[in-house]
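Chemist: Here is how the chains run, residue by residue.
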Amino acid sequence: MSTLQPTLELRGIKKTFGHVSALKGVDLAAYSGEVLAIVGDNGAGKSSLIRTISGVYRPDEGAILVEGEQQAFSNPAAARAAGIATVFQDLALIEVLDVATNMFIGQYPRRGPFVRRKAMEREARAFLDELGVSVASVRTEIGMLSGGQRQIVAIARAMRTGGQVVLLDEPTAALGVRETAQAADMIRTLRERGNAVIVVSHDMSLVFELADSIQVMRLGEVAGVRRRTDTTRDEIIGLITGAITGDRLTA
Amino acid sequence: MKNIVRRIAGAQQLGIILIIVVLLVVAQAANPQALMPSNIVEILRSSALYFIGASAATLVLVGGGLDLSIGSVFAVGGVAAGIAMNAGVPWPLAILLALVVCGMLGLINASLITWVGVPPFIATLGMLFAASGIVIVVTGGTPRFGFPAAFTDLGQLNLFGIPLLVFYAVIIGVLAHVVLAHTVFGYNIRAFGGSAPAARANGIRAAQMNVSLYVISAVVAGLCGVLLAARVATADPGAGGTGFAFQVLAAVIIGGTSLFGGVGTIAGTALGALLFAVINNTLALTNTNPQWQNVATGVILVTAVAVDHLRRKRRFAVRSA
Amino acid sequence: MSPITPRRAALATLAIAAITASLSGCSALSGGSVAASSTPTGDLREVKTITYVNPAPFYPSFDDVGQCFEEAAKANGWKPVEVGTAGSAVDNQGAIDLISQAIANGTDALVVFPTIPELFTPVIQQARDAGIYVVAQNAGAPSIGQQTQVGTDSKQLGALIAEGLGATDPAAKVGILSGSASTTPHVDEITGFTDYAAEHFPDMTVVASDYTNGDPTKAPELFSNMLTAHPEITALFPIEGTSVAAAITAVKERGATGTINVVANDLTADHRAVIEDGSLLGVGEQGWCESGTKSVEAVKKLSEGETLPDFIPTTSTFYDISNLPAK
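Heads up: the sequence lines are chains A, B and C, in that order. full-length UniProt numbering puts the first sequence at residues 1 to 251. full-length UniProt numbering puts the second sequence at residues 1 to 321. full-length UniProt numbering puts the third sequence at residues 1 to 327.
The set of hints was computed from the structure by calculation and includes no laboratory data. Wrong hints could be hidden among the right ones.
Stretch-level coverage of chain B by chain C, calculated; a stretch enters the list once three of its residues show a Cβ under 8 Å from a Cβ in chain C [said to hold, decoys possible]:
{"#": "1", "region": "143-152"}
{"#": "2", "region": "201-214"}
{"#": "3", "region": "267-281"}
Here are some chain A residues the structure puts well away from chain B; computed CB gaps all over 10 Å [said to hold, decoys possible]:
{"#": "4", "residue": "Val20"}
{"#": "5", "residue": "Lys24"}
{"#": "6", "residue": "Asp27"}
{"#": "7", "residue": "Ile94"}
{"#": "8", "residue": "Thr101"}
{"#": "9", "residue": "Pro113"}
{"#": "10", "residue": "Ala119"}
{"#": "11", "residue": "Ala126"}
{"#": "12", "residue": "Leu131"}
{"#": "13", "residue": "Arg227"}
{"#": "14", "residue": "Gly242"}
{"#": "15", "residue": "Asp247"}
Being a predicted model, the structure only gives us computed values, none of them experimental. Built from N, CA and C at the ideal position, the CB exists for glycine as well.
Take these sequences, add in the hints, and give me the full structure.
Modeler: See the structure below:
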């Protein structure tokens, strides 16, 4: 596995806000057809890491490589153009717009200056059907959907954009049992399609159910990376809390 | 599901159509002139400039913005064209010049909002004062007049018995509708107005949106000023003002455009603009005290916003709970 | 005063705000006794500074008033100070504030224009209590406290316009558009117009009246509706200068040029141009410069202990194409 080239690779990412070091030299490698889970306590640097990958933050130091090529993201659009699709925790959906429009925001099928509305609805419908997702109509406004349905639309949008890397921030935080299962199915679909999937989550059962690798963040550094098959919940939790000394924690 | 949404959304516009019909019936009962083609033409002519201004204001409001400065940019447009023509500039160039000046004012609004972070209400309120002050200083308060006939024809001539002003309004209205409902720019306006952070996260640039919207708004407001100057053959430094700005905004909001952004149609705005013209016309034809117009405006405006608020509550907050 | 038609009528709301403000000012004042200011001849204040509070600096005619005021003041060896409110509409509260400031700055004489006389009464009283000479430029209106009033008699101006219109159309059916129902000069001018018409032209009547309420952009629509509602109209009388172009346009849009006459106030450059091309029948012109000069003369006489009449009229003239003065 590690002989392959990672789809997304971070090397020595540092990010400081004033006197606070949010990221102190973070490495990361996500591979095609695998789910990488990122876990850690509040303040461990997960959010900063996600924002760096999705182009919201620009790192002070370090390199971001997609398919081995170094990238510099000045904004989220640039990250997306490089093939990184992010499902933010607040979902970045627009309540007053319908499902189809939300799925295509910023990337509408177009003919000259015009949006090809019918094509957009058709594609949105086909895509949701393919995922086996139950949304009554692609003309339904997002504001009328439940939290779970919104999450599904957001994930579907990330899948649709066809990025090699899909980054999901707490995808199941607001979901019920049935919806969580549906989201988990969608994440598996992503993996099967050959995406490199990065999931940030507090939900240990979800992490152990889905992840191929688990990267533990602690105090802005990587406390450890484990293959799921080689680790246990206790070890991961120990790394999160600091009960087990991290691989690279030197201080 | 979608039918429910459409039905609720359509209810407000249906209400306006109903009020318009009732007013026309009342007017007709009082004065048989009311439904004559000549009176209908006058109603359309009266609403034309407000509708043109309101079309642009709809784009701004749907995009989550607000432009109060259209009142004085209106005066800037007329007066700038007037000064240019008095100085011997050919009229088409004078119009172009006036619109460029107005566009720059829009650019200032957008810059303050985007890069300085001044809220739209404050930025454009400031511009409302500043631009009207500049117009008075530059003109000394004296109206400009003595324009070429070709220029005044733009605002005075009829085509097939219908004023050119009405044709301009229709053209601009259709254009604004197509832009808002069918173009990528229009989709971006609705996304940006629906949730600016979400739109940005999806690659829509705030600067680009603000500059486009406020420049369009200012240019169209200036165009209204130019057209009024053509119609009355005089560019009055006091034209437009808060009266114009507020009536335009009232027409847009009554037409169902949400003050909170993301939602609104040009068709609704057209009804809103028409409603005002019909109210004024009916009050005149029934010999009613004209002060009732302000009362009617106030009541309808508050009703419209209340309906919008309730509609949102029903559609979103309640359902997602 | 009248007849000096402020171009933009004060908004009714503005007026209400101003009334409220002046009422509160009133109660503040009531602490001091409002002593009747008897001016004993031996104790006459010498005038060094005289202040003119211009009610409408944006309107060119008031520039004329101001210039003549300054010339007359300088001729007396006084220092003239002219102040005015900003903006493109009459701002009553702003004018009242300027008067208060002038009092505080120790002016010896004040020339003021109480657009809505009641609003200005308290501040005028305050100036009198401070021993300042006060001349109001407002005619036939019930403001109190000033020592005399100089200016156009609005009723006389209205009568002149009725006379001028009657010469052409003695049976005119008139539609009037004024600023608001509470703008005293407009009300007086309309009264003068109708009174004169009733006496001299029994067939001349006012059949419609409406108000711009401070929004000149609405004027074309208001005139257009007026003409639809009253097809019998043969004359339009826009009292505000900003509505004149709208009246002419409404007539033109009906194709009624020549059958519907337009009469108005003030011989400004734009009005002169439309009188010359025949689309404006004529205007009642007030004695703008005269009101500036006579105000200063009045202060001079007051400072010499002379008693003045309540009202010193200036001369208004009706101008049409037949007697248009050279530029």
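Chemist: Output the numbers, in ascending order, of every earlier hint that fails for this structure.
Modeler: The structure conflicts with hints 2, 7, 8, 9, although it agrees with all the remaining ones.
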